[in-house]
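Assemble the whole structure, with the sequences as input and the hints as a guide.
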Amino acid sequence: MRVAVIGAGLGGLLTAALLSEKGYEVEVFEKLPFFGGRFTNFNYKGYEITTGALHMIPHGSKGPLAKLLKKAGAKIEIVDSKPNGTALYRGEEIVVNRKSFPLKSRLMFGFYYLKNLFREVKLSEVESRLDDFSAKFLRAFLGWSLSVTPSQVTFSEVYPIYEATYEFGGPGIPVGGCKSVINALIEVIKSNDCKLERNTVRAIRKENFGLSVHFYRRESKKFEVVISDIGPIETCRLTELKLPELSESRGIKYSIALEEPLIDHTSVMFTLETRRICGINQVTNADPNLGKKHFLMAHQPMITSNVKFEIAEGLRDLKEILKGYKYELLAIQSFSDGWPVNRAKIGCDCKNETSIKGLYLVGDGAKGDDIEVDGIALGVERVVKKIEKEVVL
Amino acid sequence: MIVITERCVGCAICMLVCPAEAIRVEGKAEVNIEKCESCKKCLIYCPINAVSWVE
Ligand SMILES: Cc1cc2nc3c(=O)[nH]c(=O)nc-3n(C[C@H](O)[C@H](O)[C@H](O)COP(=O)(O)OP(=O)(O)OC[C@H]3O[C@@H](n4cnc5c(N)ncnc54)[C@H](O)[C@@H]3O)c2cc1C
Chain A
9 MRVAVIGAGL GGLLTAALLS EKGYEVEVFE KLPFFGGRFT NFNYKGYEIT TGALHMIPHG
69 SKGPLAKLLK KAGAKIEIVD SKPNGTALYR GEEIVVNRKS FPLKSRLMFG FYYLKNLFRE
129 VKLSEVESRL DDFSAKFLRA FLGWSLSVTP SQVTFSEVYP IYEATYEFGG PGIPVGGCKS
189 VINALIEVIK SNDCKLERNT VRAIRKENFG LSVHFYRRES KKFEVVISDI GPIETCRLTE
249 LKLPELSESR GIKYSIALEE PLIDHTSVMF TLETRRICGI NQVTNADPNL GKKHFLMAHQ
309 PMITSNVKFE IAEGLRDLKE ILKGYKYELL AIQSFSDGWP VNRAKIGCDC KNETSIKGLY
369 LVGDGAKGDD IEVDGIALGV ERVVKKIEKE VVL
Chain B
27 MIVITERCVG CAICMLVCPA EAIRVEGKAE VNIEKCESCK KCLIYCPINA VSWVE
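Quick note, the sequences are listed as chains A and B, same order. With this note's numbering applied, the first sequence corresponds to residues 9 to 401, in that order. With this note's numbering applied, the second sequence corresponds to residues 27 to 81, in that order.
By construction, these hints were calculated from the structure, which means they are not laboratory data. You can trust all of the hints, since none of them are fake.
The calculated SDA-like cross-link candidates involving lysine to any residue, where the alpha carbons are at most 25 Å apart (straight line), are:
#1 A:Lys39 to B:Glu63
#2 A:Lys53 to B:Asn58
#3 A:Lys39 to B:Val43
#4 A:Lys316 to B:Ile30
#5 A:Lys39 to B:Val80
#6 A:Lys144 to A:Glu100
#7 A:Lys53 to B:Lys67
#8 B:Lys66 to A:Tyr224
#9 B:Lys54 to A:Arg324
#10 A:Lys90 to A:Thr173
#11 B:Lys54 to B:Ile74
#12 A:Lys123 to A:Tyr167
#13 A:Lys112 to A:Thr157
#14 A:Lys107 to A:Asn92
#15 A:Lys316 to B:Ser78
#16 B:Lys66 to A:Pro41
#17 B:Lys54 to A:Thr157
#18 B:Lys54 to A:Tyr52
#19 A:Lys39 to B:Thr31
#20 A:Lys39 to B:Ile30
#21 B:Lys54 to A:Tyr335
#22 A:Lys230 to A:Thr247
#23 A:Lys316 to B:Arg33
#24 A:Lys300 to B:Val43
#25 B:Lys67 to A:Arg206
#26 A:Lys316 to B:Pro73
#27 B:Lys67 to A:Asn191
#28 A:Lys39 to B:Ile74
#29 B:Lys66 to A:Ala339
#30 A:Lys39 to B:Pro73
#31 B:Lys54 to A:Gly54
#32 A:Lys53 to B:Glu60
Rendered as structure tokens:
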């Protein structure tokens with residue numbers, strides 16, 4: 009039973025590791041000279057700066073990704089956030105829990121839950137009925153974790169995250185950062201004698217026996233199952249598949265080196281009174297090896313399509329937040345068109361199965377009912393189960 | 027000569043891997059040609075083919 013995985017992002021590697029553990033013959037193809045896609049890091053000036061992610065696993069050591077990593081035998085340690093999160097509001101940092109939100113707003117949330125059963129409710133409608141703190145927290149939370157604003161999403165799209173947070177808890181940081189997760193998965197794949205190869209796939213074709221994967225220089229290989237981790241749009245380009253157009257979410261991330269600490273915990277500090285910046289984490293609190301000194305990452309969604317303007321707004325926020333601190337801006341990274349924060353906005357992901365027999369989608373753009381890498385894990389779990397059921401070894 | 031094309035989104039992976047510290051990114055990558063050692067690492071590492079080489 010031969011399985012090809014196209015793309016060595018988190019989704020592709022997780023699928024490959026799980027299937028290789030079950031005894032499938034898996035080959036992973038990656039076009040770039042590094043593995044991990046948007047979930048890995050490079051050491052830059054003594055700091056582990058990522059290719060995308062904020063070094064966080066949304067639901068930490070109890071979430072769907074952690075569960076699958078364990079199942080795959082990938083050894084990583086996740087430092088769970090304590091507290092779940094804080095909010096910088098009116099100059100003070102407040103620990104966020106249920107009680108931080110006034111009763112009236114909590115009731116309002118329940119009211120909209122019911123209303124939403126009858127008609128689609130935009131979150132901006134909910135926002136307008138909340139008290140100032142709750143409304144600003146909602147905006148910061150959506151911007152940090154999904155790079156969207158309340159007017160871009162509906163209540164039912166976001167409700168599953170609320171439930172997942174309730175069930176699994178807040179975020180966690182893997183020791184060694186994103187890259188340690190990627191390395192652990194690669195180790196599993198290699199230990200099962202499966203291959204990772206640097207090669208760009210240029211077409212996937214239906215054949216009598218299954219599927220053929222085509223590379224440059226006219227080479228091709230045959231497989232019974234092909235798993236695509238390159239996203240719905242690219243997958244359509246390589247096949248005759250037609251999928252609905254997706255709108256991506258875009259954002260900007262700032263990596264900052266600090267002399268003196270700004271944050272004294274391992275979670276996110278949501279910033280409520282800013283133009284753009286939605287939250288900041290100080291990842292060296294969870295793993296000191298992620299940076300020479302204190303290492304901060306700040307994130308904002310892109311509200312307009314003018315990147316220069318968006319960055320100028322973000323930098324103005326950072327200047328205010330970091331007033332009085334000695335810091336160095338290590339990197340400003342913007343994410344869109346082909347390398348976005350999310351290939352599909354929350355609630356708009358494609359299904360994992362496709363109309364082409366044997367071809368499955370995993371990763372961002374084909375997530376299950378959770379966010380970011382935990383959503384990816386749920387999609388991967390579904391694909392692995394499906395393959396086990398339908399395709400005998 | 028290394029040329030950054032219109033496709034660049036500013037993810038800065040090229041800056042992270044450049045051994046000559048010749049790249050600056052703020053919304054889009056800019057190469058300092060004086061510092062550039064023509065190793066083409068930025069071209070190979072760019073995830074969206076936004077870097078090209080012009081003789
Ligand atoms: C700024 C930012 C912050 C984020 N923060 C977090 C966070 O803190 N926590 C979190 O959980 N998530 C976060 N995310 C999201 C997370 O990074 C992504 O959801 C995840 O990394 C996507 O993984 P993937 O497997 O879908 O795809 P990718 O990581 O995009 O990997 C796809 C791979 O396929 C390869 N490929 C493409 N085309 C081909 C081809 N034709 N042939 C061969 N290979 C090919 C690519 O080179 C790439 O390596 C963040 C993202 C960004 C941008």
